[in-house]
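**Q** Next come the chains, spelled out residue by residue.
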Amino acid sequence: MTTKPLPGREARAQHGFFKAHFWLMARRAAQLGFFLLFAAGPWFGVWIAKGNLASSLTFDVLPLTDPLVLLQGLLARHVPETSAIIGAVIVLAVYMLLGGRVYCSWVCPINIVTDLAAWARRRLGIETDWKIKPETRVYLLGSILMASALSGTIAFELINPITGVYRGLLFGVSWGMATVLAIFVLDLFVAKHGWCGHLCPVGAFYGVLNKKALIRVSARGRVRCDDCMDCYAVCPEMHVISPALKGERTGAGPVILASDCTACGRCVDVCPERVFNFTYRLDDRVDADASDKAASTGPGKLAA
Amino acid sequence: MHPGGSFVACTTSSSTSPGTGCVGEKKTKPMSADSHTTMPKGFDPKRRKALQDMARHAAGAAVACAAIAGLAQQSKSLPAVTLRPPGALDETAFQAACVRCGLCVRACPYKTLKLAELGDGPAIGTPYFVARDVPCEMCDDIPCVKACPTGALTHSLVDIDKAKMGVASLVGRETCLNMLGLRCDVCYRVCPVIDKAITLERTHNTRTNKHAIFEPFVHADACTGCGKCEKSCVLEVAAIKVLPVALATGEIGAHYRLGWEEKRKAGKELVPDLIDLPDRMPEGSKQ
Numbered sequence: 001m002t003t004k005p006l007p008g009r010e011a012r013a014q015h016g017f018f019k020a021h022f023w024l025m026a027r028r029a030a031q032l033g034f035f036l037l038f039a040a041g042p043w044f045g046v047w048i049a050k051g052n053l054a055s056s057l058t059f060d061v062l063p064l065t066d067p068l069v070l071l072q073g074l075l076a077r078h079v080p081e082t083s084a085i086i087g088a089v090i091v092l093a094v095y096m097l098l099g100g101r102v103y104c105s106w107v108c109p110i111n112i113v114t115d116l117a118a119w120a121r122r123r124l125g126i127e128t129d130w131k132i133k134p135e136t137r138v139y140l141l142g143s144i145l146m147a148s149a150l151s152g153t154i155a156f157e158l159i160n161p162i163t164g165v166y167r168g169l170l171f172g173v174s175w176g177m178a179t180v181l182a183i184f185v186l187d188l189f190v191a192k193h194g195w196c197g198h199l200c201p202v203g204a205f206y207g208v209l210n211k212k213a214l215i216r217v218s219a220r221g222r223v224r225c226d227d228c229m230d231c232y233a234v235c236p237e238m239h240v241i242s243p244a245l246k247g248e249r250t251g252a253g254p255v256i257l258a259s260d261c262t263a264c265g266r267c268v269d270v271c272p273e274r275v276f277n278f279t280y281r282l283d284d285r286v287d288a289d290a291s292d293k294a295a296s297t298g299p300g301k302l303a304a
Numbered sequence: 305m306h307p308g309g310s311f312v313a314c315t316t317s318s319s320t321s322p323g324t325g326c327v328g329e330k331k332t333k334p335m336s337a338d339s340h341t342t343m344p345k346g347f348d349p350k351r352r353k354a355l356q357d358m359a360r361h362a363a364g365a366a367v368a369c370a371a372i373a374g375l376a377q378q379s380k381s382l383p384a385v386t387l388r389p390p391g392a393l394d395e396t397a398f399q400a401a402c403v404r405c406g407l408c409v410r411a412c413p414y415k416t417l418k419l420a421e422l423g424d425g426p427a428i429g430t431p432y433f434v435a436r437d438v439p440c441e442m443c444d445d446i447p448c449v450k451a452c453p454t455g456a457l458t459h460s461l462v463d464i465d466k467a468k469m470g471v472a473s474l475v476g477r478e479t480c481l482n483m484l485g486l487r488c489d490v491c492y493r494v495c496p497v498i499d500k501a502i503t504l505e506r507t508h509n510t511r512t513n514k515h516a517i518f519e520p521f522v523h524a525d526a527c528t529g530c531g532k533c534e535k536s537c538v539l540e541v542a543a544i545k546v547l548p549v550a551l552a553t554g555e556i557g558a559h560y561r562l563g564w565e566e567k568r569k570a571g572k573e574l575v576p577d578l579i580d581l582p583d584r585m586p587e588g589s590k591q
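Order-wise, the sequence lines are chains C and P.
The first sequence begins at 1 in the numbering used here and counts up by one.
The second sequence begins at 305 in the numbering used here and counts up by one.
Hints in this document: simulated from the structure, not taken from any laboratory.
Don't take each hint at face value.
[As the list claims (entries may be wrong)] Output of the computed footprint for chain C on chain P, the stretches with three or more beta carbons under 8 Å from beta carbons of chain C:
no., region
1, 414 to 424
2, 520 to 527
3, 540 to 546
4, 577 to 586
[As the list claims (entries may be wrong)] Partial chain C-side listing against chain P, Cβ under 7 Å, derived:
no., residue
5, 9
6, 120
7, 123
8, 150
9, 191
In this text, a Cβ means the ideal position worked out from N, Cα and C, and glycines have one as well.
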């Protein structure tokens, strides 16, 4: 065997399709579910959430506002009404607790597009990769905040593809869909994980809220790791894995603490050795040896 | 497609992102005498690289900022036929406040409001309406204003008759049927603020010399800009149009005083004993 099969194939062979795609399917269900909360109204006449991801009202009582959008408004020197402030505070609180970048992989519709592009890259063997530094998004975050302050407008909403998708599908503003196409082309042909991993200022903003994320992935079974590299191949922010997975040498805990981690759980799915699991931040438990717990879910590679 | 390549690349970038250290990487002291003997004292290649990266990013960020700010600036121009919902702040303040959530669109019972598409004119995703298509029905409870979470539609507007979405103007004076001496009167009849925002002013019809002309006359202070008149104008192209307030109205100088008003307020002649010079009349006319 000269070429390595696609990441996840081994997990699928050993644990079945369902277990090798569990968190992926859960995320797609969540992303679709959040969208349907909004779409049920205009599409089927069942009004649950009105508005879009920039600001919304659910069941005519719960206001939610994107704090980054509101921050741009503040920089543009507008003091908003209380309902927008309450909405933003709720969103801030929830994401600071759960982890800001949970938004990226569980809510954001663009994630589906960039995941699709990453999948297509792997399938088609596209190698082109214009190296963009991951911190570029932080600078871009600065750019949009500065642009808002200078122009006195909520500047990023002109081109924000995230709210753009919702606006496109819910209000017929097709411009949002054009930005999505641009991102797909960027991620597929120009830069690997180009948008979500390097450029998106919204991701950078939610990354700030991700510092003390409660929901985390742990490399609890790291003793079983056989360096198949499948987790690195699917991870949209692959630099977050090593400190935890290889932490034994450095004395680091098994929990992936890096604030870039979006808690997407793809590593959990694709690992044939079932090294990873979802847990909470302070769970520092590690499996003692290779025969422990999770290995029993299938024949371990070492044994095979 | 093996990910190994990028994995290795991670060790090279770890110097600029301390939170993302790589496997077993040891933090070595930069600058060792044997490797950079020709470099000046204090030269640190890692720091140099970091500074270069920072400068490059800052430059890129500045360009991105200028592009977005420029785009935003451009989008502030609002075409005259597109009107903002009731209570909208003036266009500059509106763009700082509107988050483009579409809650006002959802609240509008008459599907008057829509979010702007690229090319519609108003900034992408902001709410507007075109009076000739669907005018504002001026709901008493103003649901669109109540729905606005940010106050881009100001919540201080509680009486819809005080709204200022624009001002109707009889721009087609030569085509307006009333101005031609007929009795159309439709704009006057449909006006929700009838006899205040639009009145019919009677003047002599000099064409027939025996009829009257009933001119639809808009009073800007009472007109809400709902657009019902424009919508219902029977002509192919409406003779009466709702224009943005700034386009449709003039303003006298703040220092101007209208003599007759001042006289009424004071209850007497302000300048007594005016010298009344004889009027010079055209030659041959009776004095």
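**Q** All hints, please: hold or fail.
**A** Results of checking the hints against the structure:
1. Counting residues of the region 414 to 424 of chain P whose beta-carbon sits less than 8 Å from any beta-carbon of chain C gives 5, enough to reach three: the coverage restraint holds.
2. For the region 520 to 527 of chain P, the proposed coverage by chain C is not satisfied: 0 residues have a C-beta within less than 8 Å of a C-beta in that chain, short of the threshold of three.
3. Check result for the region 540 to 546 of chain P against chain C: violated, 0 residues qualifying (beta carbon to beta carbon below 8 Å, three or more required).
4. For the region 577 to 586 of chain P, the assignment as covered by chain C is violated, since 0 residues bring a beta-carbon within under 8 Å of that chain's beta-carbons and 3 are needed.
5. Of the supplied interface hints, the one on residue 9/C is violated, with its beta-carbon coming no nearer than about 13 Å to a beta-carbon of chain P, more than 7 Å.
6. Interface hint at residue 120/C: violated, since its Cβ lies 12 Å from the closest Cβ of chain P, which is beyond the 7 Å cut-off.
7. Because the closest C-beta pair between residue 123/C and chain P is about 9 Å apart, greater than 7 Å, the hint is violated.
8. Hint status for residue 150/C relative to chain P: holds, with the closest Cβ pair at about 5 Å, below 7 Å.
9. Checking residue 191/C against chain P: minimum C-beta separation of about 12 Å lies over 7 Å; hint violated.
In this structure, the hints that do not hold are numbers 2, 3, 4, 5, 6, 7 and 9, in rising order.
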